[in-house]
Amino acid sequence: MNEITPTPAERAEKLKGLGSSRKRVEDVRFTQGKGNYVDDIKLPGMLFGDFVRSPYAHARVVSIDAEAAKQVPGVVAVLTAADLAPLGLHWMPTLAGDKQMVLADGKVLFQGQEVAFVVATDRYAAADAVELVEVDYEELPVVTDPFKALEPDAPVLREDIADQKEGAHGARRHHNHIFTWEQGDREATEKVLAEADVVAEEMIYYHRTHPCPLETCGCVASMDKVNGKLTVWGTFQAPHAVRTVASLISGIAEHNIRIISPDIGGGFGNKVGVYPGYICSIVASIVTGKPVKWVEDRMENLMATAFARDYWMQGKIAATKDGRITGLWCHVTADHGGFDACADPTKFPAGFFNICTGSYDIPVAWLAVDGVYTNKAPGGVAYRCSFRVTEAAYLIERMIEVLAIKLGIDAAELRRKNFIRKDQFPYRSALGWEYDSGDYHTAWDKALAAVGYEDLRAEQADRVESFRRGETRKLMGVGLTFFTEIVGAGPVKNCDILGLGMFDSCEIRIHPTGSAIARLGTISQGQGHATTFAQILASEIGIPADNITIEEGDTDTAPYGLGTYGSRSTPVAGAATAMAGRKIRAKAQMIAAYLLEVHDDDVEWDVDRFVVKGAPERFKAMAEIAFAAYNQAIPGIEPGLEAVSYYDPPNMTYPFGAYVCVVDVDVDTGQVDIRRFYALDDCGTRINPMIIEGQVHGGLTEALAIAMGQEIAYDELGNVKTGTLMDFFVPTAWETPHYETDWTTTPSPHHPIGAKGVGESPNVGGVPCFSNAVNDAFRAFGHVHAHMPHDHWRVWKIAHDLGLHG
Amino acid sequence: MIPGAFEYHRPETLGEATGLLSQLGDSARVLAGGHSLIPMMKLRMAAPEHLIDLAAIADLRGIAVGDDIRIGAMVTQAELIAHDGLAAACPLLREAALQIADPQVRYVGTVGGNVANGDPGNDMPGLMQCLGARYSLAGPGGTREVAARDFYISAYETARADDEILTGILVPHPAPGTGYAYEKQKRKIGDYATAAAAVTIGRNGASVAMTNLADRPIWSEAAGKALAAGDAAGAVAAALAEIDPGDDNRGPAEFKRHVAGVMLRRAIDRARARMG
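Residue numbers (UniProt numbering), protein chains in the order written: chain F, 1 to 806; chain E, 1 to 276.
Honestly, I wouldn't trust all of these hints.
[As the list claims (entries may be wrong)] Computed spacing ranges between beta-carbons, pair by pair: (1) E:V108 x F:V492: 27 to 37 Å; (2) E:G121 x F:T320: 51 to 61 Å; (3) E:T13 x F:G33: 32 to 42 Å.
[Said to hold, decoys possible] Computed cross-link-like contacts, DMTMM-like style, restricted to lysine to aspartate or glutamate with a CA-CA straight-line distance of at most 25 Å: (4) E:K188 x F:D715; (5) E:K188 x F:D666; (6) E:K42 x E:D102; (7) F:K797 x E:D191; (8) E:K188 x F:E131; (9) E:K42 x F:D801; (10) E:K188 x F:D673; (11) E:K42 x F:E134; (12) F:K797 x E:D248; (13) F:K583 x F:E597; (14) E:K42 x F:D715; (15) E:K186 x F:D673; (16) F:K70 x E:E49; (17) F:K721 x E:E49; (18) E:K42 x F:E131; (19) F:K797 x E:D247; (20) E:K42 x F:E638; (21) E:K42 x F:D40; (22) E:K186 x F:D666; (23) E:K188 x F:D445; (24) F:K721 x E:D248; (25) E:K188 x F:E67; (26) E:K42 x F:E215; (27) E:K186 x F:D727; (28) F:K721 x E:E145; (29) E:K42 x F:D65; (30) E:K188 x F:E735; (31) F:K406 x F:D297; (32) F:K474 x E:E49; (33) E:K186 x F:E202; (34) F:K493 x E:D215; (35) E:K42 x F:E67; (36) E:K186 x F:D322; (37) F:K797 x E:E242; (38) F:K721 x E:D191; (39) E:K42 x F:E296; (40) E:K186 x F:E735.
No wet-lab data here; the hints were simulated from the structure. C-beta atoms are modelled at their ideal positions from N, C-alpha and C, and glycine is treated no differently.
Put together the whole structure using the sequences plus the hints.
The structure is reproduced here in structure tokens:
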């Protein structure tokens, strides 16, 4: 060995493996405008589809006259439910076990519902023809309030199932009722509540909002009548699941369907579901024999594709007078809109909302969720969160604040007092989850020290005094949140979507010269998989990340997987990647031992090579081993160096975090200035710190949007009031505050590399943190809770109702 | 979000443009920056058969600071912001223009389009009323001037005849030492005002106008008089008596009325502090 021989640490650094802030390989094309999105796909002879949509939220469709539309030059066809019915495609199954109209079958149930599909040679002709389709509607009474929907004389929304007493998730007790999902021990919880020193109670509404990916939903369907193959390019977060579902509902054999997710301009849950546009495009391509493109516009996206949240959560939390929480009771009225199209694992109609005991050691709890039909758009997707986890975190983190006020205890101290202790992990929660690992006290202390928590409270108290003396019109709020996420669905034993187990997969091929390609069942929509999965592999197999191609999204080439949402890619597909890498390494070890003429057990792994034990100068690097795998006849070993892993995780992972937000609230205008935001995330092993920081910034900004103004609001006639980006709040750089990020590292004990997932944590923790800060600003004046979004007028109203305007 | 079919015209002289407009009548609309008209066309709430684009008419461009300040109708907000002579002569214009939309919009959006369209959400109409500006209109019968304070009738309804084109804006020089301020509350960058107030105070008197608080901009003569007399509270009360805000996603009328008072009070305080 001489002095220029790199040390193991230097060799490891060159790999750009785990822990490297390697730049995103995707950004070379994205920053040059050279991404290839669905709308960039242009095929010869391609036709364009466009929808006639209902202007009414509830109406009978008396007749549809498409004659004038068909006369528009360029129009090829106008499809209605009557055309789809012979194929059995006028309705489609939803991910939640319900069914949904593809095109209006006799009535419409929400504004913007698809009524007819115009197919034309260009977009302009299609749009002109849409205007000319004459639909005769007979308006019906509209219900947008889920509580009114359950009144005995409420209008019947779903006439198709009005008499059906059993739904996909058990008994239905009313014609607009979908399911009741109950978890925990009601009797024991209510006993605790009845006997408790203190019970805090609050109705907490998490308003309806909507993901807002840069690219809206769309697809290009191309039926090749010569070879019988259907290819669909689309904005799919789960391409393999789409292929299977498409096969099941169309009757086309699965090997004849190829689903391709090209570059996707963000998903955030919006692109998990199956939409009528996909079905209509496929049918139109089959009918015309030509490729058909459908891409929705922004208003259609906001109005008709999947919404998020819309949970009315009634919470009761019991505690001893010194602040030990003794029980949690929660009832949710869940507004699902006109069809139950929630994207949740099949056995979880309210997702993982039963994580609502949060980060606290709560001995007993009960939860019931009632799903309700209303005249609103269907959906209920996990908008940058795991299934209904942001709702759960919002409930518990608001309830902790409400309880702290009732007890007169500092909210930081109340949390600290009730955290699950480090020595309690793995921890079994009262609502049935097994938390894998955590060290909440350490994270909390670090966060409070970083922001100077006690000084903030002293400053806040001073501010209240100044306000009372008339020296300022601004109040100060300190928002606290400690959240626990549940991500990485998930174990096949309890997680499936339409019967498809939620494992994921990775297939690796090492090339003879020592570079590699890995294909996965997931699909990146901005998460940077091509960067981070290569890093996992680099550390496992000693090939530099720069020499590893990551490919996803083409069902003809990628191994089967359930896709990317719910922060499942790293916990599940990332684990599959590591496990497949270990299979490669195991074979490489045998090849290395053969080349070094020693027994397999006499070599050991060292960063990027196998070395002979006790003789580090005798080694074979991965590149040499790869070459040998393809060029030497090794007795007893097949040529080649490839591996596949299908990973079924033994448990979910439980990322957590401690957030603090400081705001100044102008009581006269309702404007909230976010002075400081500190976010500590513990996502287990950190793969790429730069990407983690970017994920946290993005998630916090979406949280800011939701907490401070973003909503899908309806008037009493079911008209969408926030259907454009003028009224639907998407923050720009101007509205976005500076974020301070921090971390602790508590690896997952069951994940091969200890990673937990991070992309959604900032939304789960961010929303309650912003909301708690706003509510906290008014605490000194007797205020307890106000619903989000905290836009100017609603914040102004808190001040007004407290008499702060004189 | 795709407009209906239309014919596109791009005249190079004002005469050609007014000629086209009289010839084509109701079926034509004049296009400046297009930030109001084109979204309406994409929503098919407006469906003109002919669009007369004013972009190639050199006479409609340029800012001249002489006895009056003359701003061509096709001057963009960005050009207005970047013009040093204008910023020195009438700094309120620049202050307000910087609060309109975002840089991308301001590179295309024009001052003429902003004042001519009659959208009560636009910022420039109230501002021009505050400054006592006059609008030049050209039609088949020649040209005329209309005071900004007389121009706005109701939402999208103005004193401009259908066959007239607004060609420029004449702004009198504020008296030396005039204090000024434009205060605007909005939900986010790019939004119309929840409430906004333009104020000038100088040796020749005071002027107060409010934006997006009625179906047209509100210039309050009484508020200006009270303010000139040193009665800020009276000015606020007078202006609030003349506005008539409606409920929308920005909030109910009660809230807007309150914020209008806050914005005006802040504008008055800032304008006073700037008096020379």
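Distance restraint between K42 of chain E and D801 of chain F, which requires alpha-carbon spacing of 25 Å or less: Violated, at roughly 41 Å.
When you check the alpha-carbon spacing of K721 of chain F and E145 of chain E, does it fall within 25 Å? violated (40 Å)
Distance restraint between K186 of chain E and D673 of chain F, which requires alpha-carbon spacing of 25 Å or less: holds (13 Å)
Between the beta carbons of G121 of chain E and T320 of chain F, is the distance compatible with 51 to 61 Å? holds (55 Å)
Within a Cα-Cα threshold of 25 Å, do K188 of chain E and E67 of chain F meet the stated pairing? Roughly 45 Å between the alpha carbons, so the hint for K188 of chain E and E67 of chain F is violated.
Pair hint outcome, K42 of chain E versus D40 of chain F [Cα-Cα no greater than 25 Å]: holds (21 Å)
Verify the proposed pairing of K406 of chain F with D297 of chain F, using a straight-line Cα cut of 25 Å. This hinted pair is violated, its Cα atoms lying about 48 Å apart.
Measuring from beta carbon to beta carbon, are V108 of chain E and V492 of chain F in 27 to 37 Å? violated (54 Å)
Hinted pair, alpha-carbon criterion (25 Å max): K42 of chain E, E215 of chain F. Please report holds or violated. holds (19 Å)
Could you say whether the range 32 to 42 Å given as a hint is met by the Cβ separation of T13 of chain E and G33 of chain F? Since the Cβ atoms of T13 of chain E and G33 of chain F sit about 38 Å apart, the hinted range of 32 to 42 Å holds.
Pair hint outcome, K70 of chain F versus E49 of chain E [Cα-Cα no greater than 25 Å]: Roughly 22 Å separates the two Cα atoms, so the pair holds.
Proposed proximity, D666 of chain F with K186 of chain E (alpha carbon, max 25 Å): The given pair, whose Cα atoms are some 14 Å apart, holds under the 25 Å limit.
Going through the hint list in order, the structure does not satisfy hints 1, 8, 9, 17, 20, 23, 25, 28, 31, 32, 33, 34, 36.
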